[in-house]
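J.: Spelled out, the chains give:
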Amino acid sequence: MLLRAKKHDRSKAALAAATRDGDALRLLDRDSGPDPRDRGGPAQPMLIVKDLQKHYDIGRTALRGPRSVVRAVDGVSFEVAKGETLGIVGESGCGKSTTARLLMHLIEPDAGSVIFDGEEVSDVRGISVRDLRRNMQMVFQDSYASLNPRLTLADSIAFGPAVGGMPRAQAQARALTLLRMVGLDPESYAQRYPHELSGGQRQRVNIARALAMGPRVLILDESVSALDKSVEAQVLNLLRELKRDLGLTYIFISHDLNVVQYISDRVMVMYLGQVVESGPVDRIYGATRHPYTAALLSSRPSMDPRRRVAKPPLSGDPPNPINPPSGCRFRTRCPRAQERCASEAPMLAAAPDHDAHLTACHFPLSAAGGATPTGMEGLHGAAATDSGHAYGHTTKRLLRLQA
Amino acid sequence: MRMQTAPSTAAAITPAAAFRRPSRGYWHTVRRRLSRDPLTLGCAAVLLLLVGIAIAAPWLGLDDPFKMSMIRRLKPPGYQGHLLGTDELGRDMLARLIFGARLSLFTGFVPVVLATLIGGGLGIIAGFTGGRWNMVIMRLIDVFYAFPSVLLAVAISGALGAGLLNSIVSLTLVFIPPIARIAESVTTQVREQDFVEAARATGASGWRIVQGHVLANVTGPILVYASSLISVSIVIASGLSFLGLGVSPPNAEWGLMLNTLRQAIYVAPMTAILPGIMIFVTSMCFNLMSDGLRGAMDIKNG
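For the record, the sequence lines run as chains A and B. Residue numbers 1 to 403, in my numbering, belong to the letters of the first sequence in order. Residue numbers 1 to 302, in my numbering, belong to the letters of the second sequence in order.
One or more hints might be untrue.
Interface residues of chain A toward chain B, partial, derived using beta-carbon atoms under 10 Å [as the list claims (entries may be wrong)]: (1) Glu120; (2) Val121; (3) Ser122; (4) Asp123; (5) Val124; (6) Ile127; (7) Pro149; (8) Asp155; (9) Ser326.
FYI, nobody ran anything at the bench for these hints, they're computed from the structure. Virtual Cβ for every residue (Gly too), placed ideally from N, Cα, C.
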């Protein structure tokens with residue numbers, strides 16, 4: 001009893017410290033001017049990823065067969081500009097999460113390079129993995145598994161800063177400030193345990209935990225996918241506010257196309273460990289060029305009953321990443337596939353009418369929708385924009401209800 | 001911020017009150033569950049009593065457990081102030097049982113504590129590092145695990161020679177493999193959780209993660225398992241003494257007493273089975289208590 005009372009006095013003192021001088025807040029608030037950690041200037045991309053690759057050798061699958069290799073991530077290159085949100089979409093198993101873990105160096109990449117704000121992540125020069133992790137943090141999908149059940153929320157949040165050498169009292173004060181920033185009253189939540197919280201509240205704590213390191217990039221790996229729609233909308237808005245207030249850059253991984261459309265500035269579509277299309281969000285959703293993206297978009301449930309699709313635009317599972325199809329990996333499920341697709345792998349190329357819209361396809365869909373293949377009529381045009389707006393409306397309505 | 005209203009109303013109680021009343025932690029829940037389990041509490045009480053009596057034995061005004069009397073051999077309980085009778089050399093059974101509890105409990109606890117420290121450490125290292133180290137440690141442990149535990153204890157004790165210290169060494173070696181296995185599997189499970197990944201993402205060192213995140217989550221299951229081994233340890237230690245590999249006469253130890261009284265089983269059955277009853281009650285209590293602990297600590301979602 002005495003011990004617990006002491007602990008409470010301590011957190012009370014920490015709370016007072018946090019509110020008195022707002023020390024932790026000032027550390028995190030970047031409204032006052034340019035970020036002192038910004039080295040390359042605004043034009044330098046926050047992240048440049050080149051030919052990232054991760055293969056898993058799973059040994060022989062047959063007794064005398066060849067050694068099998070899962071090509072989880074196979075030559076992924078992209079850039080993330082400062083202050084933008086890059087959405088990464090794709091079916092399960094397409095390498096989204098592996099890409100995220102490779103970026104954080106939680107898994108060692110086989111090949112490829114990551115350049116953070118102009119500095120290559122490397123042991124010898126540039127930025128160390130340790131410093132990279134301080135600048136880049138991750139929020140996972142499973143809000144429960146990503147919090148230690150034996151630690152109070154404040155201790156969970158304060159763990160990272162304490163590891164970085166921050167004194168205990170200061171780390172606790174920062175934890176309380178962060179709880180307030182993510183919309184949880186520190187007085188009632190700091191000493192609670194994860195199992196006492198709802199999924200949405202836990203995910204807020206996970207966001208606070210990631211922010212405690214003072215990162216510049218936040219990787220959100222399916223972070224809102226497990227939440228109820230209404231809670232999801234709240235957390236998405238919280239993420240938007242935090243991004244604005246703290247000048248963050250997001251990499252937002254999700255299989256939910258509506259959510260990605262809502263939050264992203266740019267979108268990257270992955271299929272079997274490769275990037276098939278990337279570009280500004282309105283181009284991807286409004287002027288789709290890759291048949292796979294078009295199929296994904298048309299598989300979204302529509303809010304308009306007249307536009308509901310009777311036949312699924314994509315059938316079956318993606319092919320086995322152990323032995324991906326030759327040439328274009330999507331050709332086995334692509335309605336536009338021709339002989340060339342089997343022999344020659346398409347490279348990412350810019351659309352004729354938009355430099356930043358890249359597509360890896362020999363026969364891309366045209367923006368006007370003239371040469372739409374059978375089975376996909378009109379789907380990538382009108383339907384896509386419609387349901388996209390519908391999501392916006394739903395979110396707004398939910399927020400109005402909560403207010 | 002717009003969002004601030006929703007969660008604070010969800011808390012339903014005023015923040016100030018919530019702050020004063022500490023939140024229910026894991027151990028709090030475990031304690032509450034145990035307090036509602038009469039069987040576990042009863043067993044714990046019996047064991048505490050036993051330990052208390054064993055510690056206080058010299059001050060209880062008992063007969064000298066080593067004082068022999070040729071004319072009062074194998075007397076039944078209640079004979080001339082001998083509450084539980086006398087043994088085959090006329091020594092007071094009550095005194096011998098209580099003094100025997102000291103050695104028996106000692107040989108029950110000490111090997112398990114040592115094995116928990118060593119085996120638990122090895123298991124956590126193996127589970128957390130994984131890969132090659134896991135391979136080396138766990139295969140080495142499997143070698144010991146392959147022998148039946150009693151046989152292994154007898155073999156090691158036989159090789160080292162009789163004596164209290166040697167039997168503790170052999171029992172410790174016997175218990176390291178199973179504890180290491182439990183520790184390894186629990187640690188492997190915890191290591192795969194996202195919160196460990198998140199801790200790695202903060203740049204924490206392996207040692208720091210083990211300290212801050214792994215230990216708190218693995219000690220519970222390891223301790224529950226270890227507590228169930230105490231009874232096994234008492235039984236095997238008694239067995240070693242019975243075989244003449246453990247404590248040597250004239251010391252009082254339950255297994256040894258059982259051995260020497262065995263020949264008197266037809267003459268004075270009530271006296272002869274007393275050490276056996278003590279072993280049975282003690283190991284039962286440890287088993288039931290460890291079951292209760294396991295139940296109380298197995299809390300889904302925290």
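J.: Taking the earlier hints as the rules, which of them does this structure contradict?
T.: 1, 2, 3, 4, 5, 6 and 9
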